[in-house]
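Visitor: So you can see what is in the structure, the chains are spelled out below.
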Amino acid sequence: MSAPTIEPGAVRTGSAVEPALRVDSLWKIFGNRADKVIGTEDANLTRKQLQEKTGCVMAVKDVSFEVAPGEVFVVMGLSGSGKSTLVRCLTRLIEPTAGSVVMNGEDVTAADEGRLRELRRRHAAMVFQHFGLLPHRSVRDNISFGLEVRGTGRAERRKRAQDMVDLVGLSGYELSYPDQLSGGMQQRVGLARALAGDPDLLLFDEPFSALDPLIRRDMQNEVIRLHHEVGKTMVFITHDLAEALKLGDRILIMRDGEVVQVGTPDEVVGAPADDYVKDFVSDVPKSHVLTLRWVMRPAREGEADGAPALPADTIVREAARSVLAAEGPVRVIEDDRVVGVVDDEDILRVVVAEEH
Amino acid sequence: MSSTLTVAPAPAAKEEQPRIVEAPKRHTGLKLLVVLAVWAVGYFLFHDRDTLARPFVQLNGLDRWFNHIRDVIQAAGQTNWFWHGVVGNFSDFVNSVIGWLQQLFSQPAAGRPVPQVGWLGVLAILGWIAYAMAGLRSAILVLVGTLLFGVLGYWGDSVDMLIVTLLSVLVSMAVGIPVGIAMARRRWVSTVVTPILDAMQTMPSFAYIPFFFVVFGPGATCAIMLTVVYSIPPLVRITEHGLRSVAAGTVEAAGSLGVTRGQLLRKVQLPMARRTIVLGINQCSLAALAMAVIAALINGPGLGPDVLAGLTNLDVGQGAVPGLLIVVVAIMLDRTTTAASERSEQHSRGERRMSRRANRIVLGAGLVVVAAAIYFSHFYIQAAQFPSALDVGSQLADGINQVTNTVVNAIDTLTLAFKNVISYGFLNPLQGLLADTPWWLMAPVLLAISWVLGGLRPLLITLVCEGVIFGVGLWNDTMITLTTTVVATVLVMIVALVLGVWTGRSRRADAVIRPILDGFQTIPPFVYLVPALALFGASRFTAIVAALAYAAPISVKLVADGIRGVSPATVEAARASGITSWQMIRKVQLPMSRSSIALAANQGLLYVLSMVVIGGMVGAGSLGYIVYSGFTQYNLLGKGLAAGIALTALGILLDRSARAVADRSGT
Ligand SMILES: Nc1ncnc2c1ncn2[C@@H]1O[C@H](COP(=O)(O)OP(=O)(O)OP(=O)(O)O)[C@@H](O)[C@H]1O
Ligand SMILES: [Mg+2]
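Taken in order, these protein sequences are the chains called A and B.
Each residue of the first sequence is one higher than the last, beginning at 210 in our numbering.
Each residue of the second sequence is one higher than the last, beginning at 1212 in our numbering.
Next comes chain A alone, as it looks inside the complex (with noise of 0.2 Å):
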């Protein structure tokens, strides 16, 4: 496949803007002595041969990325890659090797205790795989959890909650325990707890893998609709590509605990950064990933004058009825200028190499 080199101002980080999250060489090793290994000849062997040599397990490898205001970033990776150890470091339930985190211009990793608890109770709130919801709490009990820890009153507590309830959609279970719900309406508790602090970012940890495949799609355009309700920034983990692919604004991809690529779906599956990544992506269908910038050639001189245009980040899938109709090429436009130009040849491409 012809792929495009990737520009740089293609990836949506507005620089102008303060990043809400910002993570700088963030390293973890677990292990005895982990902190004598960063900056030393160890740190560049393999996590394999590190952990043969010194005992210590590189978890997380100098890990660098920001994250936009209102941006769903997600982290993806094989088992064992380090995205928990990654997003658990990000608010220092795991407290990382070396690196730092600032989050909305604060340092989180400079922060002492107290200020540490504040940073949790309010600013970044965490939606867990296996849920770790109280068993001897009701759902609104667990929901309010966060807002008693930090000392709200019992009516705004109760009110609060009440909303929450309301938008997981889960009225009428206010009363219930946890053994008595779902899987998915556990997670759905478990969602509102995070959201019930009002929190700028909200964390989750695989948070649909514990669900069946249908529960685990309700749950997904759940989060979409909140996203578009509460416009939460996001960093969500998660080891299914296709989930990755239908909720990242961006994506960030991890092997044995180092970044492999990040970028936008379109440009994970266009332009793999290397095999690994490569065979990640080989099952996706890509016309519904590609949009026509990975598929157009540049246009010839006088080249498809006067076809019908279509917009450069239009999904293949969706073009490829409007390209086959027309006769001969597409324009494909961006920022009303003509940036080449697509056939149903180039179409054909895509959509024909998913059938092998």
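Don't read these hints as lab results, they were simulated from the structure.
Since no wrong hints were added, every one of them can be taken at face value.
Computed Cβ-Cβ distance ranges for the label pairs, DEER-style:
# : chain 1 : residue 1 : chain 2 : residue 2 : range
1 : B       : 1568      : A       : 362       : 22 to 30 Å
2 : B       : 1347      : A       : 409       : 50 to 58 Å
3 : B       : 1718      : A       : 273       : 53 to 61 Å
4 : A       : 316       : B       : 1292      : 52 to 60 Å
5 : B       : 1477      : A       : 409       : 22 to 30 Å
6 : A       : 409       : B       : 1795      : 55 to 63 Å
7 : B       : 1542      : A       : 364       : 42 to 50 Å
Every residue gets a Cβ at the ideal spot worked out from N, C-alpha and C, and that includes glycine.
Place chain B with the ligands on chain A using the hints.
Guide: Frame of chain A, contents of chain B with the ligands only:
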């Protein structure tokens, strides 16, 4: 994991498998055979030489030195700042608290023929407490049980028993729960305390009674201290375990919401561990009762002395009635705390039969009734002194004696045959082998066995323990105790394997057997001696049978759990390959539950040891009897202390070796 997963793991991402190190072949069986052969030949050539047997009343230097220490402490008890100022005053304080409680509830108060609160008041108080803690059913059980105290003619002693037990449990809770919490929250506390708990639990209870006896002298204080020390470890452990086993995910989620350490404890860990902690209180109160009974030996108040009198008079009926009441107390404690534990779960979830308010009203009304009952029982003799017309205790004792005689005569030949088979076929030869082999051969044989079975560590521990046993001059007595212990443990394991496999494989058998085992486990060990005595008279065999009854339940349960724990997938796969039930047991279930079986043997061994020692009083002789004699004969106390030390060494030796074997079989 699901159909939407579109990730194909890249070949490059495949994990390399670690190199598998094959365990070296150990030839355990062969080495054991060699050791046994050497031992047998040695026995044949040298038996009855250098056995270090010592006449019972003969004291050695160490014994006399211990006696001397005791005398010094007793003398210092009048003046010395520590022995008088600290220990003496503490003793007096506890004694006066107990004395006060006794005058209040169980024994005639000053200037009165009866206690301040008579039977009706006590009955009402206990019923109310049970209701408040555990609900109506437990309250009824407690009322009936308490009435039995009087009906069987042991009102005062039974209430004394309750006073000692409950007071000890309260002290244990006040100390044990905070310690358990600290252990769960700070790793270093756990690191420091755990070995202490290990030591407390490995030591047979009999081993440390003499020390408390020397420090506190006979009486209530000593009884309370012993009881607390004996009953606190399970509570501490279970509290720590309960807090630690709160799901890590929940703790983490709470952390992500920014809880403080205090909030985590109050709002997450304690509520989630509540049920487990109440179960810890259950274990603690049963242990307290067991020890409070044994405290009879040092003149502790309660029903223990009544049972002891029956045992020493070889009067089964006389021992059986107070023994029965002890069982009644055990059932009351067990059912109430178990119900409280179950209730605490519903409680924390708001699933109550009654609303909080209705419950308060009922409790309040109950308090009025209690107050009235106390009033009547203070001022009216009928409500104060349990009507003796109702006393059927002595008739019951006679009845039990008659029935026992009839039954024992009827099955005489059977029990005798059993006794003879075990004695001649098993016990005597083994005792000869262990106790009549010269010590210089026996010591290396034990070392070799622990090395072959466990490796270097057990060998070193065995060496140290042998040194201690030799040092206190009780080698021969220890070997005799060891013999009894080994024989009883083998019997326990035979029972455990048969019943354990059966209950592990059959749900129906489980439904029948498990409640019986639970029942057996609530009975304090001392009480087992009564029926064993009835069947076998005063002999070594009595202790063995009592030990069997005492230790088998825990071992059966462990084996059954092991068998049940074999993965159903494996069992199904084996069945699919068409094997018979017997093959299934032998080739799949037993080998796969090896570590449970090893654990069952380990626990069985410790239970047996503690019972064999207690059985010293009714004919098993050796170490247990020496300890016991230390309390009753002034001159023998020093030797009793020495026997306590030897017992501790023996306990540690057996426990550590068995644990090493269990660890090996686990891998
Ligand atoms: N507490 C720990 N101590 C030592 N090693 C750890 C610890 N926690 C995680 N690791 C190791 O760090 C690596 C990354 O683990 P992590 O849980 O972050 O992976 P993950 O990508 O979330 O995997 P999964 O998809 O299975 O959840 C793994 O190799 C793991 O074994
Ligand atoms: Mg994970």
